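2 protein chains.
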Amino acid sequence: MIKFDEFEFVDGGVCAAAGFYANGINVGVKKGSTKKDLAIIYSDVKCNAAALYTQNKVKGAPIIVTQQNLKDGKAQAIIVNSGNANTCNENGIEIAEKMCELSAKEMDISKDDIIVASTGVIGQPLNIDAIEKGIPTLVKSLSASGSLNACQAIMTTDTREKQVAVEVNIQGRRCYIGGISKGSGMINPNMATMLAFLTTDVAINNEMLKKALKRVNDITYNMVSVDGDTSTNDMVCIMASGKANNDEIIKEDSDYETFVGGLYAVMMNLARETARDGEGATKLLECFVIGAPDDDTAKVIAKTVISSSLFKAAMFASDANWGRILCAIGYAQAEFDISRVSVELASDLGKIVVCAEGSGINFSEKAAKQVLSADEIKILIDLKDGEGKAVAWGCDLTYDYVKINAEYRT
Amino acid sequence: MIKFDEFEFVDGGVCAAAGFYANGINVGVKKGSTKKDLAIIYSDVKCNAAALYTQNKVKGAPIIVTQQNLKDGKAQAIIVNSGNANTCNENGIEIAEKMCELSAKEMDISKDDIIVASTGVIGQPLNIDAIEKGIPTLVKSLSASGSLNACQAIMTTDTREKQVAVEVNIQGRRCYIGGISKGSGMINPNMATMLAFLTTDVAINNEMLKKALKRVNDITYNMVSVDGDTSTNDMVCIMASGKANNDEIIKEDSDYETFVGGLYAVMMNLARETARDGEGATKLLECFVIGAPDDDTAKVIAKTVISSSLFKAAMFASDANWGRILCAIGYAQAEFDISRVSVELASDLGKIVVCAEGSGINFSEKAAKQVLSADEIKILIDLKDGEGKAVAWGCDLTYDYVKINAEYRT
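Protein chains in written order, with the working numbering: chain W, 90 to 499; chain Y, 90 to 499.
A few of these clues could be false.
Because identical chains share one entry, a pair is satisfied inside a single copy or across any pair of copies.
[As the list claims (entries may be wrong)] Keeping only pairs whose Cα atoms sit at most 25 angstroms apart, straight-line, the calculated PhoX-like set for lysine-lysine is:
1. 455 to 120
2. 492 to 455
3. 478 to 146
4. 146 to 467
5. 120 to 458
6. 440 to 478
7. 120 to 478
8. 222 to 440
9. 473 to 146
10. 92 to 163
11. 124 to 135
12. 229 to 332
13. 332 to 92
14. 194 to 332
15. 163 to 303
16. 440 to 458
17. 222 to 478
18. 467 to 440
No lab work stands behind these hints: they were computed from the structure. These figures come from a predicted structure and were not determined experimentally.
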């Protein structure tokens with residue numbers, strides 16, 4: 090069980106943890122734009138590091154270079170550009186390696202300790218010149234208050250900055266876990282996801298760090314879908330500096346669970362904000378499934394419901410078209426008894442039961458419309474068929490989703 | 090291998106085959122509308138019949154009643170209403186049985202020989218009164234030229250009538266296979282699909298009829314997706330009257346293959362038209378995959394590509410964003426070597442190679458835009474990794490898809 094209560098939210102994003110510095114500036118990767126497009130996150134000591142990557146067979150060149158650099162489980166900095174995914178380009182690997190070399194040189198660290206990431210259009214050559222020119226300025230202004238700049242520099246179609254940090258208490262010491270994340274379209278993480286960069290000063294060995302990252306990722310980013318498209322460049326990575334000076338976490342003890350609880354708070358909130366900021370979205374959809382035969386079944390159902398185009402379009406219209414929810418539950422790839430299911434819709438503006446024991450029940454359409462006019466909608470599904478539960482996050486399907494994606498390159 | 094050339098297209102839809110009569114009228118199931126909403130297809134002799142049903146765990150009441158009625162492999166008529174799916178209603182089974190009883194009585198046949206189907210909103214009680222009142226009029230005007238009326242009466246958000254018929258030659262006899270189909274949204278058939286009603290006068294036993302239906306369905310309707318939502322009421326059924334007086338087909342001989350070829354021509358064209366008439370669609374997308382390790386791999390890839398929301402939105406904008414095609418190929422749930430893939434886009438207005446050996450190649454964006462401005466787009470994917478091949482059909486994602494589905498109930 091995740092410890093849901095042993096942390097406090099703090100400011101600072103990826104710089105909340107001791108010894109981390111960040112920055113983000115415009116260098117001209119996003120052509121004709123003054124938006125920030127290059128970010129660096131730097132630790133003043135070498136860190137234990139772990140990462141999860143997209144399961145897409147087409148992998149961005151930066152993924153391949155990062156996998157190589159993280160083989161020894163160590164990293165000291167992250168460089169990321171937005172505006173170009175550096176994927177499906179003939180010289181992609183070369184360019185990604187060059188990004189590591191140039192930034193490592195400027196920071197005076199080893200190029201093998203760099204995590205590199207790119208996000209943006211697939212299949213267009215990434216010009217290294219703008220990046221090369223920008224790196225010195227970027228590194229010079231690295232700052233312990235630079236998380237927001239970095240966060241802005243990794244955005245593409247995102248409309249909101251996504252950064253979260255928490256304080257946890259381990260062995261009486263104040264420790265910090267923070268992160269920034271981007272992602273708005275091509276969001277349907279599969280084992281790993283989008284771009285999320287996490288930092289902590291907790292001392293934790295590589296095995297436990299990786300275990301915690303995977304465990305939390307499975308119930309946060311992997312439970313988000315905006316459009317069902319799994320990106321080629323998804324990556325979530327974490328650097329742990331150990332500067333909190335706790336005794337290193339080396340097994341699944343109570344300290345480990347505290348760390349996992351804090352990491353969950355960070356990743357869940359980043360993931361949830363990613364859904365809220367889905368391309369064109371006007372509403373966050375949060376689907377809770379309980380009473381499933383097991384957690385995996387609950388997960389599949391929750392994710393299927395928030396992925397249904399028809400249900401998403403109905404939510405855009407604040408239309409309590411629960412038949413579409415039941416339809417999606419029904420085609421979820423899992424085994425369970427559909428006949429006992431109940432469905433409730435809820436928001437800050439009220440709640441309403443729309444279905445019980447698999448059949449519709451009378452409800453006021455007017456009241457339902459009122460509940461659904463909020464910008465955060467909860468869908469509560471009880472299968473009454475066991476103890477399994479899960480949460481998934483999604484967003485509504487709007488005209489603007491079509492607009493953004495019909496015009497992205499042009 | 091399917092015999093692609095041993096048939097000729099003819100008029101008549103479900104009435105092309107000898108002994109079939111059809112009709113469709115407005116009885117008032119679609120409230121406040123004068124659109125047709127009740128159809129009957131009738132055979133003057135009892136037929137061998139077979140059907141495939143939705144794999145959704147939530148099954149419309151008509152599906153359950155039809156499954157029961159087809160246990161003996163015999164049917165003589167089909168009754169269908171649009172405007173209400175009769176699904177997730179407490180009294181659904183009762184209403185579906187009543188539809189069989191009332192229409193059987195009027196046609197003077199057994200109620201167990203009726204196939205019943207409903208399509209429309211899920212979870213709202215279906216009022217039998219309007220149907221009861223309409224059945225006598227409907228039956229009275231059954232006609233050998235009534236296919237178009239029946240076709241219109243099963244439409245919901247459809248904008249085009251979908252009917253096809255072919256003539257095949259079996260043992261020197263002219264035989265006919267015809268069908269009508271509806272479906273525009275909630276289209277992602279899984280083993281069975283939407284509503285499609287097929288008729289033939291070919292004499293064929295139940296085992297061969299079912300085998301042919303499943304074989305052809307797997308490469309036609311099951312390769313269509315409009316929005317990834319698998320309906321609760323999908324059904325494709327066929328009635329074979331035997332009135333062509335050929336020696337009954339009882340094994341997989343040359344006659345069987347001729348029948349399968351004709352059935353393929355009917356079902357493929359109906360399925361293709363269903364994709365073209367996808368909710369809000371302005372373009373038909375036809376994805377051909379060749380060079381796959383096997384046919385199943387090719388199928389998965391073709392279907393994944395035409396299901397990608399991002400790719401579909403790019404097609405709406407006539408934007409040759411081939412990175413999204415490659416991304417979708419990459420997350421398809423299949424094993425193959427991605428590094429050799431080539432992608433070509435084609436239409437009546439020209440063709441253009443956009444990707445070779447897994448990387449982008451230089452092409453004229455202007456020329457690509459020209460190719461993609463047509464209303465039928467072919468995506469040709471060659472994996473260069475074997476002999477497997479498949480075709481899938483989809484449509485673009487447009488503002489109108491959102492509009493239709495944000496306003497469907499209201």
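Results for each hint:
1. Taking the shortest Cα distances, residue 455 and residue 120 sit within 25 angstroms of each other only across copies (19 angstroms), while inside one copy they are farther apart (48 angstroms).
2. In this homomeric assembly, residue 492 and residue 455 come within 25 angstroms of each other (Cα to Cα) only across copies, at 20 angstroms, whereas the closest approach inside a single copy is 30 angstroms.
3. In the homo-oligomer, the alpha carbons of residue 478 and residue 146 lie at most 25 angstroms apart only across protomers (19 angstroms), although the nearest pairing inside one protomer, at 30 angstroms, exceeds that limit.
4. In the homo-oligomer, the alpha carbons of residue 146 and residue 467 lie at most 25 angstroms apart only across protomers (23 angstroms), although the nearest pairing inside one protomer, at 34 angstroms, exceeds that limit.
5. Taking the shortest Cα distances, residue 120 and residue 458 sit within 25 angstroms of each other only across copies (21 angstroms), while inside one copy they are farther apart (43 angstroms).
6. Proximity of residue 440 and residue 478 under a CA criterion of 25 angstroms is satisfied intra-copy only: 20 angstroms inside one chain copy versus 50 angstroms between copies.
7. In this homomeric assembly, residue 120 and residue 478 never come within 25 angstroms of each other (Cα to Cα): the closest approach is 45 angstroms inside a single copy and 40 angstroms across copies.
8. Taking identical chains as interchangeable, the C-alpha atoms of residue 222 and residue 440 are never at most 25 angstroms apart, the minima being 55 angstroms within one chain and 39 angstroms between chains.
9. When the C-alpha separation of residue 473 and residue 146 is checked against a cutoff of 25 angstroms, the pair qualifies only between copies, where the shortest distance is 16 angstroms, while the shortest distance within a copy is 38 angstroms.
10. In this homomeric assembly, residue 92 and residue 163 never come within 25 angstroms of each other (Cα to Cα): the closest approach is 28 angstroms inside a single copy and 60 angstroms across copies.
11. Within a single copy, residue 124 and residue 135 get their C-alpha atoms no closer than 30 angstroms, and across copies no closer than 71 angstroms, so neither meets the 25 angstroms cut-off.
12. Proximity of residue 229 to residue 332 under the C-alpha cut-off of 25 angstroms is restricted to the intra-copy arrangement: shortest distance 23 angstroms within a copy versus 86 angstroms between copies.
13. Within a single copy, residue 332 and residue 92 get their C-alpha atoms as close as 23 angstroms, which meets the 25 angstroms cut-off; across copies the closest is 72 angstroms, which misses it.
14. For the identical chains of this complex, residue 194 and residue 332 are intra-copy neighbours only, at 24 angstroms inside a copy versus 84 angstroms across copies, given an alpha-carbon limit of 25 angstroms.
15. With identical chains, the CA atoms of residue 163 and residue 303 are at most 25 angstroms apart within one copy only, with a shortest distance of 17 angstroms there and 55 angstroms across copies.
16. Taking CA atoms no more than 25 angstroms apart as the test, residue 440 paired with residue 458 passes inside one copy only; the shortest distance there is 10 angstroms, against 48 angstroms between copies.
17. Taking the shortest alpha-carbon separations for residue 222 and residue 478, neither the intra-copy value of 50 angstroms nor the inter-copy value of 48 angstroms comes in at or below 25 angstroms.
18. In this assembly of identical chains, residue 467 and residue 440 lie within 25 angstroms of each other by CA distance solely inside one copy; the values are 9 angstroms within and 47 angstroms between copies.
Comparing the model with each numbered hint stated earlier shows that hints 7, 8, 10, 11, 17 do not hold.
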